[in-house]
Amino acid sequence: MNVSRIMASGVGAAFLSLVLTGMTLAAPGETYPNISGVWWAKSYRTELKPIEGEIPFTPAGRAAYDSNIAGLRDGSLEDMARVRCTPDGVPRIWSSPYPLEIFQEPDLTTFVYEVNHVFRIALMDVEPPPDSEFIAYPYYSGSSFGHWDGDTLVVQARGFNRFTFLDATGLPHSLQLHTIERIRTLNYNELEVVVTIEDREMYSAPWSVRFLYEKRNDVRLDTSYTCGEPHRDVSEVPLEQ
Amino acid sequence: MMKFEWNRMLTAAAVAVGSAILPYGQTLAEDITGTWQMVTRLSEFDPPPLGSGDARPIQDIRGIEAMRAQGVYVTYMGDYENPILQPWASDVVKEHVDAELEEEHIVTAQEVCRASGTPGMWSIPSMLHISQNAREVALLLQRDHQVRLIHMNRRHPADLEPIWYGDSTGYWEGDTLVVDTVGQKAGTAVDIFGTPHTDEMRVTERFYLVDGENGQKYLRLHFTVNDPDTFTQPWGATITWRRPDLTGPLAQVFAAPAFLGPMLEEVCAEGNRETENPYPVEARYRYPAKF
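Residue numbers (the numbering used here), protein chains in the order written: chain A, 264 to 504; chain B, 19 to 309.
Hints are supplied without guarantee of correctness; some may be wrong.
To be verified - Here are a few chain A residues that face chain B, going by a calculated C-beta distance under 8 Å: (1) His380; (2) Ile384; (3) Pro393; (4) Glu396; (5) Tyr451.
Treat the hints as calculated values from the structure; they're not laboratory data.
In this text, a Cβ means the ideal position worked out from N, Cα and C, and glycines have one as well.
So here's chain B without its partners, still in its complex pose:
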């Protein structure tokens, strides 16, 4: 046991001097790994950083202040007249709005815990945990235990078939983790309003630390969406996280008791159904299952 205490003291001391040891990963000047709780907002994305050149994201047509006055905390009616939308995309957003007006709701993938790609995966607050090894950075979402892997310092595969999360490659630019994602299958929404995309979409994400309250560091993501078939210009947004607040009013919703680890096990899959198991291709409910 003493050997291990020495190692932990080393690690703790190194963290104390502001340098993080990640034995099988990158040595970082600032540490973005660990657990993060999204700073609550009304499901709309926050605007991109000043000077980024990104257009602002689609917002709710009713306006934030009007909704706050009504006590509405989740927004679903996107501004389909926003000029960044190509006509077909505007039609899709309007379809969602029309449904809301009929008091129905067209769900997005993230709302039903399905793989939603990026930036759709950021459209609903969920606990996030970032892990790292020598080759990958893992983004783990508490919501239905979703995982996204960023392959560090490598290229996208030449023969990429579009899949929900596409392929993400990343590198460090100083203290900023820069991620490039391509090959995300069309059919998911990029925000809570149901705004669509094509599989040509390219998303650039930049993760970095900023100063938050009480001398804490907050994690910020600035993402930019490039999809000329869907959007008339690149648009971007920011998301901000803080370390989990185990004392605040949302602690019971989002945070696990410390003895359980950084996150709750959240399994939404009970409603899903494996209608085909192509290994091997045969009737479902085969007994015994193939593995």
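Chain A extracted, bound-state conformation:
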């Protein structure tokens, strides 16, 4: 007997509706892991360091990086995320000394970052459309699509515009950038985010970076974060070299 077929049919759904009336709802943890709440980095990075080895630049990628470094140094290239407070992009948004908050709903996972008050909404269990669909919608944060793989939330993002860097040093990416975030709790108080970067134009192979966060129920995000105004004191968050 193919149970999933029965469930998929309208009859199955109607039966479920009757059965569920008056039943207790599933407790948290029985549907998918809880990663919601406020998280704050244990340390942060200005320069991304791959989990393994060196960043595998293509010749074009190396040239673009050198050009970005030079442009940022002499001021001819603007770091929009820090000068105009446009969204940082992925994965740079994760390497920030400011806290973030996660909201989970059955069909959406929402990430709210204090820095530049960015939010990203990941559609759950939706196959990402081909890249051609995003040509008309190039976003700073891309468009995100998530699904659960056991205890890990896998978020695929694509459709990035060209106004972001991968990190504060100007690490480049092209419009072909795809990122895959693997997010899970290591224990109740720690969140691990591993971001895999795929961009054939700039990097000859996928490479990954890792971020660690601490659960902070004592923190309220400052969503009044405004460009050009004083922000929260983050001097306690160490810079990773």
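Given the coordinates of chain A, work out where chain B should sit on it, guided by the hints.
Chain B only, in chain A's frame:
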């Protein structure tokens, strides 16, 4: 994959019986989460509910019918003679009106995508998305990806420094989400007319569902503004939203194609400038940026 389909069937069925599961949030009798499109109106707030005791909000001095006749869809000239305004507030509103008469315009924070606090944030239609976890309800505005967090079942901090959105705490009163907001920094407008406020202002918001067209539920907000230094009495208004209408004439303006998710990424920040980055305090355009 089958495990997840079971979960989705559970959720869908539960929603079908009128009860929403929000696994890491409140279980609601009616679900206000999700995406909402403001029911279009002429930027003036709708009047407060009958029997609320609130005074009506400031309206345009030219009158709605006159403006409709002219085909004007955005209003900027507030009635500065409205008796709910304290004299200094009346002067501020009149300043805006005088500018309009000179064919200039003094912008409000919401118009230039800056943090505008509440109720200023409701003065321009924008797609709204409501998310929730066990501790917070998030109000996400498409307009320049603004965020406002409501801290559920908690108190305001004792040492609150005024900030643009202040501090919001909330609780459920039956099917109504009741939000109390204090500590909003003075300098923003509470409406499209530039009406000011002090940082003593207290705003109470009540979110609840009402019956709309075609058997749909609409989201309604009734807010009340208390600021005796600015207003001679509390005044209130309502805002109404519906689920996004992807077929109507405004779909292309406000609604994202379904495959992109509930909202467009709308970034107005290109005009802003981070003139000081106090972490650390040093020259701007420092390379590399500190994070």
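Now the hints, each set against the structure:
Satisfaction of the interface hint for histidine 380 (chain A) is found here, the shortest Cβ-Cβ separation to chain B being roughly 5 Å, below the 8 Å cut-off. Interface hint status for isoleucine 384 (chain A): upheld, as the beta-carbon distance to the closest one in chain B is roughly 5 Å, under 8 Å. With a least beta-carbon distance of about 10 Å to chain B, the hint placing proline 393 (chain A) at the interface is violated under the 8 Å criterion. A cut of 8 Å between beta carbons decides the hint on glutamate 396 (chain A): the least distance to chain B is about 6 Å, and the hint holds.
The beta carbon of tyrosine 451 (chain A) is not positioned within 8 Å of any beta carbon in chain B (closest approach about 13 Å), and the interface hint is therefore violated.
Violation of the numbered hints given earlier is confined to hints 3 and 5; the remaining hints are satisfied by the structure.
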